[in-house]
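Protein chains in written order, with the working numbering: chain A, 1 to 137; chain B, 1 to 289; chain C, 1 to 132; chain D, 1 to 655.
To be clear, the hints were calculated from the coordinates, so they are not data collected in a lab. It is possible that part of the hints are untrue.
[Said to hold, decoys possible] Mimicking BS3-like on lysine-lysine, the simulated pairs with C-alpha atoms at most 25 angstroms apart in a straight line are:
{"#": "1", "chain 1": "A", "residue 1": "K89", "chain 2": "D", "residue 2": "K112"}
{"#": "2", "chain 1": "D", "residue 1": "K114", "chain 2": "A", "residue 2": "K114"}
{"#": "3", "chain 1": "A", "residue 1": "K127", "chain 2": "D", "residue 2": "K651"}
{"#": "4", "chain 1": "A", "residue 1": "K14", "chain 2": "D", "residue 2": "K599"}
{"#": "5", "chain 1": "A", "residue 1": "K128", "chain 2": "D", "residue 2": "K112"}
{"#": "6", "chain 1": "B", "residue 1": "K202", "chain 2": "C", "residue 2": "K109"}
{"#": "7", "chain 1": "B", "residue 1": "K2", "chain 2": "B", "residue 2": "K137"}
{"#": "8", "chain 1": "A", "residue 1": "K14", "chain 2": "D", "residue 2": "K526"}
{"#": "9", "chain 1": "A", "residue 1": "K127", "chain 2": "D", "residue 2": "K114"}
{"#": "10", "chain 1": "C", "residue 1": "K112", "chain 2": "B", "residue 2": "K241"}
{"#": "11", "chain 1": "D", "residue 1": "K642", "chain 2": "A", "residue 2": "K14"}
{"#": "12", "chain 1": "D", "residue 1": "K642", "chain 2": "D", "residue 2": "K84"}
{"#": "13", "chain 1": "A", "residue 1": "K14", "chain 2": "D", "residue 2": "K468"}
{"#": "14", "chain 1": "B", "residue 1": "K245", "chain 2": "D", "residue 2": "K468"}
{"#": "15", "chain 1": "A", "residue 1": "K117", "chain 2": "D", "residue 2": "K112"}
{"#": "16", "chain 1": "A", "residue 1": "K56", "chain 2": "D", "residue 2": "K114"}
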Amino acid sequence: MENFEPKIIGFICKWCTSAGADLAGTSRMKYPPNMIPITVFCSSRIDPQYILWAFKNGADGVFMGGCHPNDCHYQDGNYKTMKRIPILKNLLKELGIEPERLRLAWISASEADKFKKTITEFTESIKKLGPLSINDK
Amino acid sequence: MKQIAYYPGCTLYTKSKNLDLCARETAQILGVELKELETWNCCGAIYSTVQDDLANQVAPIRNLIEAQKISNKLVTLCAACYNVLKRSNHNLFLPENDIYRRRMMNFLDTEYDGKTETVHYLEVLKNDIGFENLKTKVKTNLDGLKVASYYGCLMLRPSDELNFDDPDNPTMMDDMFAALGAEPVEFPFKGECCGGYVLVDKPDVATRCSQTILESIVDAGADCVATTCPLCQYNIDNQQKLMSKQFNLPVFYFTQLLGLALNVDQKILNLDNHYIDPKPLLKQKGLLK
Amino acid sequence: MLELIESLQEIKKDIELLSGQTLSDCYQCGECTAGCPTAFAMEPVPSQAIRLLQLGKFNEVLNSTGIWLCASCNVCGERCPRGVDYGKIADALRTIVLRNKLTHLTLEKIDKQFISDAPQQAFIAAFRKYTT
Amino acid sequence: MKSDKKRIGVFVCHCGINIAGTVNIPEVVKRLKEQADVIEVIDHQYCCSDPGQNLIKETIKEKKLDSVVVACCSPTLHEPTFRKTVSSVGINPYNCEIANIREQCSWVTDDKEKATDKATKIIKTIIKKVEHDEPLTPITIPVTRKALVIGAGVAGIQTALDIATAGYPVILLDKNPSIGGHMSQLSETFPTLDCSQCILTPKMVEAKQHPNITLMTYSEIESISGYLGNFKVKVRQKAKYVDWDKCTGCDVCVDKCPKKTPDEFNHGLTQRKAIYKMFPQAVPNRVVIDAPNCLYLEKGACRLCEKHCPFGAIKFDDQDQITELEVGALVMATGYELLDKQMLGSYGFGKLKNVVDGLQFERILSASGPFMGEVKRPSDGKIPEKVVFVQCAGSRDPENAMAYCSKICCMYTAKQAILYKHRVHHGEPIIFYIDVRTGGKGFEEFYKRATDEGVLYIRGKVSKIFEKGDKVIVWGADTLTGKKIEVEADLVVLSTAMKPAATKEFAQLLKLTQDEYGWFTEAHPKLRPVETLAGGFFLAGACQGPKDIPEAVAQSSGAASKVIGLFTSDTLEHLPVIAGVNEDMCSGCGICIDVCPYKARELVTTEDGKKRTVKVIEVLCEGCGACSAACPVGAAQQKNFKDQQIQDMVKGGLE
Ligand SMILES: Cc1cc2nc3c(=O)[nH]c(=O)nc-3n(C[C@H](O)[C@H](O)[C@H](O)COP(=O)(O)OP(=O)(O)OC[C@H]3O[C@@H](n4cnc5c(N)ncnc54)[C@H](O)[C@@H]3O)c2cc1C
Ligand SMILES: Cc1cc2nc3c(=O)[nH]c(=O)nc-3n(C[C@H](O)[C@H](O)[C@H](O)COP(=O)(O)OP(=O)(O)OC[C@H]3O[C@@H](n4cnc5c(N)ncnc54)[C@H](O)[C@@H]3O)c2cc1C
Ligand code: SF4
Ligand code: SF4
Ligand code: SF4
Ligand code: SF4
Ligand code: SF4
Ligand code: SF4
Ligand code: SF4
Ligand code: SF4
């Protein structure tokens, strides 16, 4: 467990969270490099299936980042996301995946520090949870 | 004859017989029996808005349950009873008062779905009898009598709980008087408070409130005032003796004038029970021999 | 004088719970005072009473004469742009005083002639409103 | 799809030590080469430099690449650079993608081993994406370089003038017979007190005479179709019963017409005739017959106007006319109305004659108004000695009327009180207010001027207004002293709330969104205040929210410049990364239609008429991908972000 390095997939939107991540980089902030970012135009592009797909293919955690409510570049995409995630979390529970392995956060283009803190904290929490057991089987 | 459950309330049994008896009699003439509840309790005369005070509403609710033996409506005459009964029922059945309601039903040991509608006798006249119909029943046309309909606060507010008439511009009583041939007088204080309950504690304050209302009524050129509430009647009639200005304006219960128009017996009209004697006015207008 | 010993926050909670009103909703426009039939005699007037409560001057309001002069006519609550019903707040304040076993009215204080004249409902209401 | 394999080249950038300092580049290159699906992996010190770009070009040619991945800095920096590089040697720019291994990798960790791992994975996700990328061409849309401005108040007029001056034709439409809007009703305007007509009339005339502006007054929108750059709008021009080509606006008919009715322009303070001109300076300077009030059109007898018109302009058989316009952009400038006084029950329901609203008092103050600028009160024409102004009448009142602050009434009340004082020197203006909001250049100074000139401000809201004899009694409060205040006034002016003129039905007709009160919503409250989310629709003036004239005019020029920007070319380019539909898979359920924020999807029947499916209106799609995520059968797919691609990317990131 000590040396467990979680695999994390991060779906982040181009306009806010990815820009926030870029700013964290330009500001040379440091955070665990476990999350592999996949940038899409809008968090509403993320079909819940992809999240299941990620868990199935070996991810120990999935992160989703979008613009703050009312700031969506596409009007209300993040509201759609906001509605989907709780449903998905219930489904995860039924599949035996701890819902905490999925994290949704609103991070704007200027919130580099929030990005850093969220990713650090999320990575730590996945470390504590340990490897996703369905992946062992 | 159509029976509707009727709740007289404490004051009508004692000091305000003229409000009560005229109502029963006129209803009879108009084809409705106001059937008094077999047993009733005093409604409490004031609606407590204190949120944990729902226990005070046991009595009102009991009356509403009792009414169901007769009809799905309960008629009141006194504005205060109307206010207390209607608000008690309205608020008890708000979703946020679920727990209180269940507790009260346990206490009363009965089931009640809140379906007894509290109505004022004016609403019976308007909706069950109809003002057009009423017009045809008039024996003594109140022609030439300028009446200021005074509603006070208890009939009108809070409007979202009572939903009686427009709180800023009520017309129901005026419409009734128009049907009786009288001339309703517009004045801006129809819904102002007469000082009501502060009367006991601070009579001077209440009297000043009432005086303001009377001034406005006199300015508007009315011959007399009609009220629906014993307390308003007292404040505006009796307290004239304490006012800094003398008005000498008679104050009726609306049911008395209704009775007059329908030729109800003078004994029932009870025109002696007033501080300002209304008989000279009525005689002058040729409405009384 | 009523001196309440509970912490300020407790009284505030009591007032808000008993009245069902949120004190901070009031933006001090004064419309309640403007329409109140008894404001001419009140001390403090409704909007000022709410302001004092917002400032935490609970004792000042609880000990004032103003709260006993509210006739519960509901004009203030009906017209308040922010949905604050001062009538309910006054009712709650009186209740707090009365529940601290301080009666506001005793029979002896009332004129005898008046008792025989005035309608029942006035007394029933007064005793519910002004006594413990 | 894997069968026709792509020929992908990967270029890994060192960025000096920016990347190479943490990421072991030779190791990355080695690991990527082990992957079977790339043709070439090369690293370079500075990919964006000329030698770097040349290397990419040469390699493409040499290895016959068809797709490129550049692993470097954030795509926001050099995606355009590299896309241009590859297209210069014949590769579709959308087949070149960036793997961000600087901002999101080398700069955020010190752990070299992990950074190398992460960089490899990030690059792999992008390789997977590129494997399925299609060549895309930006969509070009033709643009009709002609604008329609709806509403001809000061905002609409300014917008039209700016667009027309830039050389593009504009149609300026208003539902009223004349242009001018509310500004034409105002007396003098804060904060400088210039006469409203004096500064507006020249603009109205200029609009009328501008060769690029066509006026369409007395007209309303009937229907609209099309999209950005290509709208078709049907307009109904109401029957005027006067031939405007013949009418000279001489007003002879007006004098002769026997039928009177309340004058809307003076808000019912005076009467006008059934045949009338909105106001003397009306543009166009023509008359119309108001059919429901005309004795001949309603009852068949009269025709006096026809008899007396020296030009034979009366045309009783006139009919509504429908015109179809083709325009490329629309500007909404429909402005505001005042809240109905009927809403304000305790202020007298609009029934008390001597309680007027702000616009009525503007008319009373106006030199061309009902009393020729003398301040008189409506009931008996007496000069009011004491005038009470009631601010926030229906504004800032979430319980009973409008929750918002109407923004301009503090200022116009101060103005009206000053103007009243100028006309009636001994008069007493009293203003009841909750707050005095003077957020504008010169506004606070203007407020000071009001108090200097003898206006009494009382801080408290009014509760009740009623009549007593010939006085109007106002019950207010002075919250600063805690006193209830009663004022016996001769006239009361309510600073009633502004509300949008555009109705819900009107907004739905145009498919524009409104906020909960009906103000049109802008695309972004701070950064795109004159645009809407519907492409090709722009906002000007008070239709978007309460505004004074300077703000309305500034926004109008803003909206005009957006339209002009759109018209600089006769075509438009639209991002091709949009959604599509696989008709065979689509079940026609319509779920995607509901989620699309741009109404870019519509249900249609397939060409053979056999089934329902969905069509994407390409120019409207902004490529958010919400439809693709929502489609239950996977028929909705976003180009270059297809399900398959994203799933493969996930795999690439986890390998
Ligand atoms: C009492 C008062 C006093 C004021 N005083 C001042 C002042 O002193 N200084 C100042 O700067 N501002 C003042 N204002 C504000 C000023 O009136 C506005 O800022 C300005 O008029 C806004 O112009 P607009 O063109 O946006 O809207 P409007 O003037 O309302 O014009 C809108 C136009 O659109 C038309 N229209 C509406 N709906 C449709 C439709 N569906 N189809 C076709 N046409 C339509 C209308 O007929 C109208 O001509 C005052 C406002 C009031 C109420
Ligand atoms: C504390 C505070 C909080 C605020 N919060 C908000 C908010 O929450 N929301 C909001 O909408 N607004 C807010 N604002 C207002 C907002 O900052 C301004 O509206 C906005 O920044 C104005 O942008 P600007 O481009 O006009 O001016 P500025 O941002 O001042 O830009 C002017 C630029 O010109 C340059 N410059 C100046 N002189 C010269 C010269 N002689 N030669 C060359 N360059 C020159 C300056 O270097 C500067 O880059 C806030 C303002 C303050 C003070
Ligand atoms: S009317 Fe309402 S908001 Fe205004 S001062 Fe009174 S309680 Fe406060
Ligand atoms: S309820 Fe009380 S405080 Fe409110 S207006 Fe009536 S008397 Fe005044
Ligand atoms: S392409 Fe980006 S990472 Fe490479 S050298 Fe240029 S700036 Fe640095
Ligand atoms: S219709 Fe004839 S009379 Fe009337 S204004 Fe026009 S030209 Fe003059
Ligand atoms: S026909 Fe109509 S518009 Fe002409 S003068 Fe007669 S009423 Fe007026
Ligand atoms: S601008 Fe002034 S008067 Fe108008 S709503 Fe706002 S605060 Fe009230
Ligand atoms: S990608 Fe977004 S904008 Fe385009 S059709 Fe789908 S939901 Fe609509
Ligand atoms: S959601 Fe999918 S299946 Fe349903 S209509 Fe849209 S594209 Fe077709």
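Now for the hints, and whether the structure bears them out:
1. A:K89 <-> D:K112: The given pair, whose Cα atoms are some 35 angstroms apart, is violated under the 25 angstroms limit.
2. D:K114 <-> A:K114: Holds, at about 22 angstroms.
3. A:K127 <-> D:K651: Roughly 21 angstroms separates the two Cα atoms, so the pair holds.
4. A:K14 <-> D:K599: holds, 22 angstroms
5. A:K128 <-> D:K112: holds, 24 angstroms
6. B:K202 <-> C:K109: It holds: about 11 angstroms lies between the C-alpha atoms, which stays within 25 angstroms.
7. B:K2 <-> B:K137: Holds. K2 (chain B) to K137 (chain B) sits at ~17 angstroms (cutoff 25 angstroms).
8. A:K14 <-> D:K526: holds, 20 angstroms
9. A:K127 <-> D:K114: Distance of about 16 angstroms is within 25 angstroms: holds.
10. C:K112 <-> B:K241: Distance of about 16 angstroms is within 25 angstroms: holds.
11. D:K642 <-> A:K14: The given pair, whose Cα atoms are some 16 angstroms apart, holds under the 25 angstroms limit.
12. D:K642 <-> D:K84: holds, 24 angstroms
13. A:K14 <-> D:K468: violated, 67 angstroms
14. B:K245 <-> D:K468: Since the Cα atoms of K245 (chain B) and K468 (chain D) sit roughly 18 angstroms apart, the hinted pair holds (cutoff 25 angstroms).
15. A:K117 <-> D:K112: Distance ~21 angstroms between K117 (chain A) and K112 (chain D) Cα, so the pair holds.
16. A:K56 <-> D:K114: Distance of about 23 angstroms is within 25 angstroms: holds.
The structure does not agree with the numbered hints 1, 13 stated previously, though it agrees with the rest.
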